[in-house]
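Model the full structure from these sequences, guided by the hints.
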Amino acid sequence: MTHPFLDHMNLGMDESLSSPSKVHFGVLCGLPTNNLLATISSQEQNSIDSSVELRNHYSQYCRARLRREGVVMACLSSTPSSFCCGHSTTLPLRPQSVGVLSSCHSWSSVQSRGLVALGHVAETSAAAVVKKHKGFRVLCSQATSEASNHNDEPSESTAGLAALEQFIELNAGSWSGTFTQYDVMGNVLQCIPTRLSATSYGKGENISLLQTLHIKEATSKSRTADEDDGPVWQEFKLVDTNLFTMEQRQQVGFFPGENAYSVSHQTSEMLDKVLRIGVLGEDDDEDEEFPKGVKLPSRRPALVCESCLYSEDAQKRVRAFHVFDPRGLLDVIGVFHESRDGSPFAESQRDLVDEPSKRIEALLGRWSGQLVTRRTGIYGSTSAQCNVQVCYERDDEAKMKLEITTDRFQGTRIAMNGASLGAVMRFEGGLLTTMLPGGLALTCPGSVGQSVGRKQAFYFEFSWIESPGRRRRLVRTYDTDGLVVSTSLATESKLSS
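Take the sequence shown: its position 251, counted from the start at 1, is 251 in UniProt numbering, and no numbers get skipped.
Taking lysine to aspartate or glutamate and the DMTMM-like style, the derived pairs with C-alpha atoms no more than 20 Å apart in a straight line are:
#1 K358 - E466
#2 K273 - D287
#3 K216 - E282
#4 K216 - E347
#5 K401 - E361
#6 K203 - E165
#7 K273 - D183
#8 K295 - D183
#9 K494 - E258
#10 K292 - E282
#11 K203 - D240
#12 K203 - E247
#13 K273 - E286
#14 K358 - E397
#15 K295 - D285
#16 K216 - E269
#17 K237 - E269
#18 K273 - D240
#19 K273 - D285
#20 K494 - E361
#21 K203 - E169
#22 K216 - E286
#23 K216 - D285
#24 K292 - D183
#25 K358 - E393
#26 K273 - E289
#27 K494 - E393
#28 K494 - D407
#29 K237 - E169
#30 K273 - E288
#31 K216 - D229
#32 K237 - E282
#33 K295 - E269
#34 K494 - E312
#35 K216 - E235
#36 K295 - E282
#37 K494 - E403
#38 K399 - E361
#39 K358 - D183
#40 K237 - E286
None of these hints come from the bench; they were simulated from the model.
So this is what it looks like as C-alpha coordinates:
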(Lines of atoms letter the chains of each structure in order from A and count residues from 1; the text may use other names and numbers.)
(Lines give C-alpha, C1' and ligand atoms only; values in the text may rest on other atoms or scores of the structure.)
Protein backbone atom coordinates (compact mmCIF):
# COMPACT_ATOMS: atom_id res chain seq x y z
CA MET A 1 0.00 0.00 0.00
CA THR A 2 2.56 2.56 -1.13
CA HIS A 3 2.13 6.00 -2.66
CA PRO A 4 4.61 8.59 -4.00
CA PHE A 5 3.61 10.96 -1.21
CA LEU A 6 4.44 8.34 1.40
CA ASP A 7 7.67 7.36 -0.36
CA HIS A 8 8.73 11.00 -0.44
CA MET A 9 7.98 11.40 3.24
CA ASN A 10 10.05 8.22 3.77
CA LEU A 11 7.78 6.81 6.46
CA GLY A 12 9.58 8.23 9.43
CA MET A 13 13.15 8.39 8.24
CA ASP A 14 13.06 12.11 7.33
CA GLU A 15 15.73 13.60 9.57
CA SER A 16 14.37 17.11 9.02
CA LEU A 17 11.31 16.14 10.99
CA SER A 18 12.61 13.78 13.62
CA SER A 19 15.66 11.92 14.76
CA PRO A 20 15.82 8.33 15.97
CA SER A 21 15.61 8.00 19.70
CA LYS A 22 15.98 5.11 22.10
CA VAL A 23 13.17 6.41 24.26
CA HIS A 24 9.84 4.55 24.14
CA PHE A 25 7.25 7.22 23.43
CA GLY A 26 3.48 7.23 22.84
CA VAL A 27 2.18 10.58 21.65
CA LEU A 28 -1.22 12.04 20.81
CA CYS A 29 -2.95 9.70 23.15
CA GLY A 30 -2.31 10.36 26.78
CA LEU A 31 0.04 7.42 27.05
CA PRO A 32 3.42 6.80 28.64
CA THR A 33 6.83 5.77 27.51
CA ASN A 34 7.60 2.20 28.42
CA ASN A 35 9.37 3.51 31.52
CA LEU A 36 6.04 2.90 33.19
CA LEU A 37 7.04 3.20 36.82
CA ALA A 38 9.42 6.09 36.35
CA THR A 39 8.31 8.01 39.40
CA ILE A 40 8.73 5.31 42.02
CA SER A 41 11.21 5.67 44.84
CA SER A 42 14.61 4.00 44.89
CA GLN A 43 13.45 1.56 47.57
CA GLU A 44 10.52 0.53 45.39
CA GLN A 45 12.85 0.22 42.41
CA ASN A 46 14.93 -2.31 44.35
CA SER A 47 11.76 -4.32 44.91
CA ILE A 48 11.07 -4.27 41.20
CA ASP A 49 14.64 -5.11 40.22
CA SER A 50 14.53 -8.20 42.40
CA SER A 51 11.50 -9.43 40.45
CA VAL A 52 12.60 -8.65 36.90
CA GLU A 53 12.70 -12.34 36.09
CA LEU A 54 8.96 -12.69 36.65
CA ARG A 55 8.16 -10.03 34.11
CA ASN A 56 10.68 -11.61 31.77
CA HIS A 57 8.94 -15.00 31.97
CA TYR A 58 5.54 -13.44 31.38
CA SER A 59 6.84 -11.39 28.47
CA GLN A 60 8.36 -14.51 26.90
CA TYR A 61 5.05 -16.31 27.30
CA CYS A 62 3.18 -13.48 25.59
CA ARG A 63 5.75 -13.21 22.83
CA ALA A 64 5.43 -16.93 22.12
CA ARG A 65 1.66 -16.51 21.99
CA LEU A 66 1.81 -13.50 19.71
CA ARG A 67 4.88 -14.52 17.71
CA ARG A 68 4.83 -13.59 14.06
CA GLU A 69 7.46 -13.83 11.35
CA GLY A 70 9.22 -10.65 10.29
CA VAL A 71 10.92 -7.57 11.57
CA VAL A 72 8.50 -6.81 14.39
CA MET A 73 9.47 -9.88 16.35
CA ALA A 74 12.95 -10.28 14.87
CA CYS A 75 14.04 -6.92 16.28
CA LEU A 76 13.16 -7.86 19.81
CA SER A 77 15.93 -8.25 22.32
CA SER A 78 15.76 -11.20 24.66
CA THR A 79 16.91 -9.43 27.79
CA PRO A 80 15.26 -6.23 29.01
CA SER A 81 17.52 -3.81 30.83
CA SER A 82 14.86 -3.01 33.37
CA PHE A 83 11.36 -4.07 34.34
CA CYS A 84 9.86 -0.74 33.35
CA CYS A 85 11.37 -0.31 29.92
CA GLY A 86 10.72 -3.72 28.41
CA HIS A 87 14.02 -3.19 26.57
CA SER A 88 16.88 -0.75 26.76
CA THR A 89 16.18 2.90 27.20
CA THR A 90 19.05 5.32 27.56
CA LEU A 91 17.13 8.11 29.23
CA PRO A 92 15.00 6.76 32.08
CA LEU A 93 12.64 9.18 33.74
CA ARG A 94 13.35 10.44 37.22
CA PRO A 95 10.89 11.69 39.81
CA GLN A 96 12.24 15.21 39.54
CA SER A 97 11.74 15.29 35.77
CA VAL A 98 7.99 14.87 35.93
CA GLY A 99 7.25 18.33 37.24
CA VAL A 100 9.09 20.26 34.53
CA LEU A 101 6.66 19.73 31.68
CA SER A 102 4.83 23.03 31.80
CA SER A 103 6.89 24.51 28.96
CA CYS A 104 6.49 23.71 25.28
CA HIS A 105 8.53 20.87 23.82
CA SER A 106 9.00 19.82 20.23
CA TRP A 107 8.69 16.21 19.12
CA SER A 108 12.47 15.79 18.90
CA SER A 109 13.19 17.40 22.26
CA VAL A 110 10.54 15.31 23.98
CA GLN A 111 11.98 12.12 22.54
CA SER A 112 15.57 13.06 23.24
CA ARG A 113 14.83 14.06 26.84
CA GLY A 114 12.73 10.99 27.47
CA LEU A 115 9.78 13.00 28.79
CA VAL A 116 6.29 11.62 29.19
CA ALA A 117 4.21 14.10 27.24
CA LEU A 118 0.64 13.01 27.68
CA GLY A 119 1.02 9.87 29.65
CA HIS A 120 -0.31 8.22 32.70
CA VAL A 121 2.73 7.31 34.79
CA ALA A 122 2.47 5.16 37.88
CA GLU A 123 1.80 7.36 40.90
CA THR A 124 4.65 7.96 43.32
CA SER A 125 2.65 6.16 45.97
CA ALA A 126 2.53 2.94 43.95
CA ALA A 127 4.50 -0.08 45.06
CA ALA A 128 5.39 -3.07 42.94
CA VAL A 129 4.06 -6.31 44.30
CA VAL A 130 3.96 -9.86 43.04
CA LYS A 131 0.55 -11.49 42.75
CA LYS A 132 -1.11 -14.34 40.93
CA HIS A 133 -3.19 -13.41 37.91
CA LYS A 134 -5.06 -16.08 35.99
CA GLY A 135 -2.40 -18.67 36.69
CA PHE A 136 0.59 -16.41 36.01
CA ARG A 137 2.72 -14.46 38.45
CA VAL A 138 2.95 -10.87 37.25
CA LEU A 139 4.01 -7.55 38.64
CA CYS A 140 1.27 -5.07 39.43
CA SER A 141 1.12 -1.70 41.11
CA GLN A 142 -0.70 -1.58 44.40
CA ALA A 143 -2.10 1.74 45.62
CA THR A 144 -1.06 2.61 49.13
CA SER A 145 -4.15 4.64 49.87
CA GLU A 146 -6.49 3.40 52.57
CA ALA A 147 -9.30 3.05 50.06
CA SER A 148 -7.48 0.22 48.31
CA ASN A 149 -7.65 -1.86 51.47
CA HIS A 150 -11.40 -1.70 51.97
CA ASN A 151 -12.97 -5.13 52.17
CA ASP A 152 -16.15 -4.02 50.42
CA GLU A 153 -14.38 -3.39 47.10
CA PRO A 154 -15.15 -5.97 44.38
CA SER A 155 -12.49 -8.58 43.75
CA GLU A 156 -10.58 -8.67 40.46
CA SER A 157 -12.51 -11.69 39.23
CA THR A 158 -15.84 -10.08 40.11
CA ALA A 159 -14.90 -6.88 38.32
CA GLY A 160 -13.74 -8.85 35.27
CA LEU A 161 -16.98 -10.82 35.15
CA ALA A 162 -19.05 -7.64 35.43
CA ALA A 163 -17.10 -6.08 32.56
CA LEU A 164 -17.58 -9.21 30.44
CA GLU A 165 -21.33 -9.20 31.07
CA GLN A 166 -21.53 -5.53 30.06
CA PHE A 167 -19.43 -6.24 26.98
CA ILE A 168 -21.76 -9.07 25.95
CA GLU A 169 -24.85 -6.95 26.52
CA LEU A 170 -23.41 -4.15 24.37
CA ASN A 171 -22.58 -6.50 21.48
CA ALA A 172 -25.60 -8.82 21.61
CA GLY A 173 -28.14 -8.69 18.81
CA SER A 174 -28.30 -8.77 15.04
CA TRP A 175 -26.12 -6.25 13.24
CA SER A 176 -26.40 -5.45 9.54
CA GLY A 177 -24.13 -3.27 7.47
CA THR A 178 -21.08 -3.30 5.25
CA PHE A 179 -17.35 -3.87 5.36
CA THR A 180 -15.35 -1.30 3.41
CA GLN A 181 -11.69 -1.76 2.56
CA TYR A 182 -9.56 1.35 1.95
CA ASP A 183 -6.06 1.93 0.69
CA VAL A 184 -3.61 4.03 2.70
CA MET A 185 -4.71 7.17 0.82
CA GLY A 186 -8.32 6.69 1.89
CA ASN A 187 -9.66 5.42 -1.44
CA VAL A 188 -12.38 2.75 -1.37
CA LEU A 189 -11.21 -0.63 -2.66
CA GLN A 190 -14.14 -2.90 -1.76
CA CYS A 191 -17.55 -2.57 -0.11
CA ILE A 192 -19.19 -5.84 0.98
CA PRO A 193 -22.60 -6.35 2.68
CA THR A 194 -22.38 -8.20 6.01
CA ARG A 195 -24.58 -9.36 8.86
CA LEU A 196 -23.44 -10.30 12.34
CA SER A 197 -25.39 -12.17 14.99
CA ALA A 198 -24.15 -12.13 18.58
CA THR A 199 -25.54 -14.03 21.55
CA SER A 200 -24.35 -15.34 24.90
CA TYR A 201 -24.22 -18.83 26.33
CA GLY A 202 -23.22 -20.21 29.71
CA LYS A 203 -23.65 -18.64 33.14
CA GLY A 204 -21.48 -16.99 35.75
CA GLU A 205 -17.76 -17.25 35.08
CA ASN A 206 -18.49 -19.61 32.18
CA ILE A 207 -20.49 -17.04 30.20
CA SER A 208 -19.21 -16.40 26.66
CA LEU A 209 -20.05 -14.22 23.68
CA LEU A 210 -20.70 -16.19 20.49
CA GLN A 211 -20.58 -14.23 17.23
CA THR A 212 -21.26 -15.38 13.67
CA LEU A 213 -20.51 -13.18 10.69
CA HIS A 214 -22.55 -13.63 7.51
CA ILE A 215 -20.93 -12.38 4.30
CA LYS A 216 -22.77 -11.75 1.05
CA GLU A 217 -21.13 -13.87 -1.59
CA ALA A 218 -20.06 -12.23 -4.84
CA THR A 219 -21.79 -13.50 -7.95
CA SER A 220 -19.95 -16.58 -9.12
CA LYS A 221 -18.63 -16.72 -12.66
CA SER A 222 -19.66 -20.38 -12.86
CA ARG A 223 -23.26 -19.72 -11.82
CA THR A 224 -25.68 -19.27 -14.71
CA ALA A 225 -28.57 -16.85 -14.71
CA ASP A 226 -31.05 -19.71 -14.20
CA GLU A 227 -29.13 -20.88 -11.15
CA ASP A 228 -29.03 -17.43 -9.61
CA ASP A 229 -31.94 -17.57 -7.16
CA GLY A 230 -30.80 -14.57 -5.17
CA PRO A 231 -27.91 -13.59 -2.94
CA VAL A 232 -25.98 -16.28 -1.11
CA TRP A 233 -24.65 -15.60 2.39
CA GLN A 234 -21.73 -17.54 3.81
CA GLU A 235 -21.03 -17.62 7.53
CA PHE A 236 -17.85 -17.36 9.53
CA LYS A 237 -17.71 -18.00 13.27
CA LEU A 238 -15.62 -15.57 15.28
CA VAL A 239 -13.49 -16.54 18.26
CA ASP A 240 -15.60 -16.71 21.42
CA THR A 241 -15.09 -14.00 24.01
CA ASN A 242 -14.94 -15.18 27.63
CA LEU A 243 -13.05 -14.29 30.79
CA PHE A 244 -9.83 -15.87 29.57
CA THR A 245 -9.81 -14.58 25.99
CA MET A 246 -10.98 -11.11 27.04
CA GLU A 247 -8.02 -10.57 29.35
CA GLN A 248 -5.27 -12.79 27.94
CA ARG A 249 -5.81 -13.42 24.25
CA GLN A 250 -7.83 -10.48 22.95
CA GLN A 251 -6.68 -8.00 25.60
CA VAL A 252 -9.95 -6.10 25.36
CA GLY A 253 -9.74 -2.46 26.39
CA PHE A 254 -13.36 -1.74 27.31
CA PHE A 255 -15.11 1.50 28.32
CA PRO A 256 -18.63 0.35 29.29
CA GLY A 257 -19.98 3.78 30.19
CA GLU A 258 -18.83 5.22 26.87
CA ASN A 259 -19.69 2.22 24.67
CA ALA A 260 -16.23 1.85 23.18
CA TYR A 261 -13.57 -0.86 23.08
CA SER A 262 -10.37 -2.04 21.39
CA VAL A 263 -9.45 -5.67 20.70
CA SER A 264 -6.27 -7.42 19.58
CA HIS A 265 -6.64 -10.29 17.12
CA GLN A 266 -4.26 -13.19 16.63
CA THR A 267 -4.85 -13.42 12.87
CA SER A 268 -6.51 -11.59 10.00
CA GLU A 269 -8.55 -14.65 9.03
CA MET A 270 -11.91 -12.91 9.41
CA LEU A 271 -10.96 -10.07 7.05
CA ASP A 272 -9.46 -12.56 4.62
CA LYS A 273 -12.76 -14.48 4.55
CA VAL A 274 -14.82 -11.33 4.07
CA LEU A 275 -12.76 -10.27 1.06
CA ARG A 276 -12.53 -13.71 -0.52
CA ILE A 277 -16.25 -14.39 -0.21
CA GLY A 278 -17.45 -10.86 -0.87
CA VAL A 279 -15.22 -10.14 -3.87
CA LEU A 280 -14.11 -13.45 -5.36
CA GLY A 281 -17.15 -15.59 -4.59
CA GLU A 282 -17.31 -19.36 -4.60
CA ASP A 283 -14.73 -19.61 -7.39
CA ASP A 284 -11.99 -18.50 -5.03
CA ASP A 285 -9.09 -20.82 -4.39
CA GLU A 286 -8.38 -20.34 -0.70
CA ASP A 287 -4.85 -21.67 -1.16
CA GLU A 288 -4.06 -18.72 -3.41
CA GLU A 289 -2.54 -15.99 -1.26
CA PHE A 290 -2.51 -13.22 -3.88
CA PRO A 291 -5.59 -13.54 -6.12
CA LYS A 292 -6.04 -10.94 -8.83
CA GLY A 293 -8.46 -8.11 -8.23
CA VAL A 294 -8.34 -7.98 -4.43
CA LYS A 295 -5.82 -6.92 -1.79
CA LEU A 296 -5.90 -9.55 0.95
CA PRO A 297 -4.35 -9.06 4.39
CA SER A 298 -1.20 -10.97 5.20
CA ARG A 299 -1.81 -14.49 6.49
CA ARG A 300 0.88 -13.95 9.11
CA PRO A 301 0.28 -10.37 10.24
CA ALA A 302 2.52 -8.73 12.77
CA LEU A 303 -0.43 -7.04 14.49
CA VAL A 304 -4.18 -6.76 14.03
CA CYS A 305 -6.06 -4.15 16.05
CA GLU A 306 -9.83 -3.57 16.09
CA SER A 307 -11.30 -0.35 17.51
CA CYS A 308 -15.05 0.09 17.96
CA LEU A 309 -17.07 3.24 18.69
CA TYR A 310 -20.84 3.24 19.19
CA SER A 311 -23.36 5.99 18.52
CA GLU A 312 -24.95 7.75 21.49
CA ASP A 313 -27.98 5.44 21.43
CA ALA A 314 -25.70 2.37 21.05
CA GLN A 315 -27.75 1.22 18.04
CA LYS A 316 -25.08 2.05 15.48
CA ARG A 317 -21.37 1.42 15.54
CA VAL A 318 -18.19 1.71 13.52
CA ARG A 319 -15.45 -0.94 13.83
CA ALA A 320 -12.07 -0.07 12.32
CA PHE A 321 -9.17 -2.46 11.67
CA HIS A 322 -5.44 -1.82 11.38
CA VAL A 323 -3.48 -4.75 9.91
CA PHE A 324 0.33 -4.79 9.70
CA ASP A 325 2.24 -7.29 7.60
CA PRO A 326 5.23 -9.36 8.85
CA ARG A 327 7.61 -6.53 7.95
CA GLY A 328 5.70 -4.18 10.22
CA LEU A 329 4.24 -2.13 7.35
CA LEU A 330 0.63 -0.99 7.13
CA ASP A 331 -1.09 -3.71 5.12
CA VAL A 332 -4.88 -3.26 5.26
CA ILE A 333 -7.31 -0.79 6.76
CA GLY A 334 -11.00 -1.61 6.83
CA VAL A 335 -14.19 -0.44 8.51
CA PHE A 336 -17.48 -2.13 9.41
CA HIS A 337 -20.50 0.22 9.47
CA GLU A 338 -23.26 -1.62 11.37
CA SER A 339 -26.67 -0.99 12.95
CA ARG A 340 -29.08 -3.16 14.92
CA ASP A 341 -32.12 -0.88 14.84
CA GLY A 342 -32.98 -1.54 11.21
CA SER A 343 -31.75 1.87 10.09
CA PRO A 344 -29.86 2.17 6.79
CA PHE A 345 -26.74 3.38 8.58
CA ALA A 346 -24.24 1.67 6.30
CA GLU A 347 -26.07 2.82 3.19
CA SER A 348 -26.18 6.40 4.41
CA GLN A 349 -22.43 6.36 5.02
CA ARG A 350 -21.76 4.81 1.64
CA ASP A 351 -23.87 7.40 -0.18
CA LEU A 352 -22.25 10.42 1.48
CA VAL A 353 -21.27 13.24 -0.82
CA ASP A 354 -17.54 13.02 -0.33
CA GLU A 355 -14.48 14.79 -1.65
CA PRO A 356 -11.26 13.31 -0.26
CA SER A 357 -9.38 16.61 -0.41
CA LYS A 358 -11.94 18.18 1.96
CA ARG A 359 -12.05 15.44 4.62
CA ILE A 360 -9.27 17.07 6.62
CA GLU A 361 -11.28 20.30 6.89
CA ALA A 362 -13.64 18.66 9.39
CA LEU A 363 -10.67 18.03 11.67
CA LEU A 364 -9.09 21.49 11.53
CA GLY A 365 -9.48 23.68 14.59
CA ARG A 366 -9.24 23.25 18.35
CA TRP A 367 -10.80 20.30 20.19
CA SER A 368 -11.19 20.05 23.95
CA GLY A 369 -12.32 17.23 26.21
CA GLN A 370 -11.37 14.49 28.63
CA LEU A 371 -9.00 11.57 28.20
CA VAL A 372 -9.29 8.32 30.16
CA THR A 373 -6.41 5.81 30.07
CA ARG A 374 -6.61 2.20 31.26
CA ARG A 375 -3.58 -0.05 31.48
CA THR A 376 -3.52 -3.77 30.93
CA GLY A 377 -2.87 -6.18 33.79
CA ILE A 378 0.85 -6.63 33.20
CA TYR A 379 1.23 -2.85 33.39
CA GLY A 380 -0.68 -2.50 36.63
CA SER A 381 -4.38 -2.45 35.68
CA THR A 382 -4.44 1.22 36.65
CA SER A 383 -6.42 4.09 35.16
CA ALA A 384 -6.03 7.86 34.93
CA GLN A 385 -7.98 10.81 33.61
CA CYS A 386 -6.97 14.27 32.41
CA ASN A 387 -8.21 17.21 30.35
CA VAL A 388 -6.86 17.46 26.82
CA GLN A 389 -6.87 19.98 23.98
CA VAL A 390 -5.87 19.16 20.41
CA CYS A 391 -5.37 21.75 17.69
CA TYR A 392 -4.94 21.03 13.97
CA GLU A 393 -3.73 23.79 11.63
CA ARG A 394 -3.03 23.77 7.90
CA ASP A 395 -1.56 26.57 5.80
CA ASP A 396 -1.96 27.35 2.10
CA GLU A 397 0.95 25.08 1.24
CA ALA A 398 -0.74 22.05 2.89
CA LYS A 399 1.74 22.08 5.76
CA MET A 400 0.25 20.80 8.99
CA LYS A 401 0.79 21.69 12.62
CA LEU A 402 -0.53 19.58 15.47
CA GLU A 403 -0.53 20.85 19.05
CA ILE A 404 -1.63 18.82 22.06
CA THR A 405 -2.07 20.18 25.58
CA THR A 406 -3.08 18.42 28.80
CA ASP A 407 -3.25 19.33 32.48
CA ARG A 408 -1.17 16.33 33.53
CA PHE A 409 1.93 17.12 35.59
CA GLN A 410 1.16 20.86 35.90
CA GLY A 411 0.55 21.13 32.18
CA THR A 412 2.08 19.57 29.07
CA ARG A 413 2.29 20.84 25.52
CA ILE A 414 3.52 19.00 22.44
CA ALA A 415 3.92 20.52 18.98
CA MET A 416 4.38 18.47 15.80
CA ASN A 417 4.85 19.52 12.19
CA GLY A 418 3.77 17.63 9.12
CA ALA A 419 2.24 17.79 5.66
CA SER A 420 -0.99 16.75 3.98
CA LEU A 421 -1.95 15.40 0.60
CA GLY A 422 -5.54 14.64 -0.26
CA ALA A 423 -7.02 12.81 2.72
CA VAL A 424 -3.69 11.87 4.34
CA MET A 425 -1.64 13.70 6.95
CA ARG A 426 1.90 12.70 7.76
CA PHE A 427 3.57 13.99 10.93
CA GLU A 428 6.99 13.74 12.48
CA GLY A 429 8.29 10.29 13.20
CA GLY A 430 6.42 8.69 10.28
CA LEU A 431 2.99 9.04 11.90
CA LEU A 432 0.21 8.66 9.32
CA THR A 433 -3.41 9.78 9.62
CA THR A 434 -5.82 8.65 6.91
CA MET A 435 -9.14 10.51 6.82
CA LEU A 436 -12.10 8.43 5.65
CA PRO A 437 -15.65 9.43 4.65
CA GLY A 438 -18.11 10.16 7.45
CA GLY A 439 -15.66 11.86 9.79
CA LEU A 440 -13.51 8.77 10.41
CA ALA A 441 -9.75 8.87 10.84
CA LEU A 442 -7.17 6.12 11.40
CA THR A 443 -3.72 6.97 12.75
CA CYS A 444 -0.72 4.67 13.02
CA PRO A 445 3.02 4.50 12.36
CA GLY A 446 3.85 4.06 8.71
CA SER A 447 6.21 1.31 9.84
CA VAL A 448 5.88 -0.52 13.14
CA GLY A 449 9.16 -2.21 12.29
CA GLN A 450 11.00 1.11 12.39
CA SER A 451 9.43 1.96 15.74
CA VAL A 452 10.54 -1.39 17.14
CA GLY A 453 13.99 -0.96 15.64
CA ARG A 454 14.30 2.38 17.44
CA LYS A 455 13.03 0.80 20.65
CA GLN A 456 10.00 3.08 20.68
CA ALA A 457 6.50 2.25 21.82
CA PHE A 458 3.85 2.77 19.15
CA TYR A 459 0.11 3.19 19.00
CA PHE A 460 -2.98 2.99 16.79
CA GLU A 461 -5.74 5.58 16.93
CA PHE A 462 -9.29 5.55 15.57
CA SER A 463 -11.50 8.63 15.76
CA TRP A 464 -15.05 9.39 14.70
CA ILE A 465 -16.68 12.80 14.30
CA GLU A 466 -20.15 11.40 14.88
CA SER A 467 -21.81 14.82 14.67
CA PRO A 468 -20.43 18.28 13.81
CA GLY A 469 -18.33 19.53 16.69
CA ARG A 470 -18.17 16.21 18.61
CA ARG A 471 -15.66 13.42 18.24
CA ARG A 472 -14.25 10.46 20.15
CA ARG A 473 -10.85 8.82 19.85
CA LEU A 474 -9.73 5.33 20.81
CA VAL A 475 -6.00 4.87 21.24
CA ARG A 476 -4.19 1.55 21.69
CA THR A 477 -0.53 1.62 22.71
CA TYR A 478 1.95 -1.27 22.43
CA ASP A 479 5.42 -1.88 23.78
CA THR A 480 8.21 -3.25 21.62
CA ASP A 481 7.25 -6.83 22.54
CA GLY A 482 3.93 -6.30 20.77
CA LEU A 483 2.15 -6.36 24.14
CA VAL A 484 -0.68 -3.94 24.81
CA VAL A 485 0.30 -1.28 27.33
CA SER A 486 -2.97 0.62 27.57
CA THR A 487 -6.14 1.77 25.86
CA SER A 488 -7.33 5.37 26.00
CA LEU A 489 -10.62 7.04 25.13
CA ALA A 490 -10.92 10.77 24.46
CA THR A 491 -14.29 12.53 24.23
CA GLU A 492 -13.90 15.99 22.71
CA SER A 493 -15.90 18.99 21.53
CA LYS A 494 -14.79 21.51 18.92
CA LEU A 495 -14.08 24.96 20.32
CA SER A 496 -13.12 26.76 17.12
CA SER A 497 -12.47 26.15 13.44
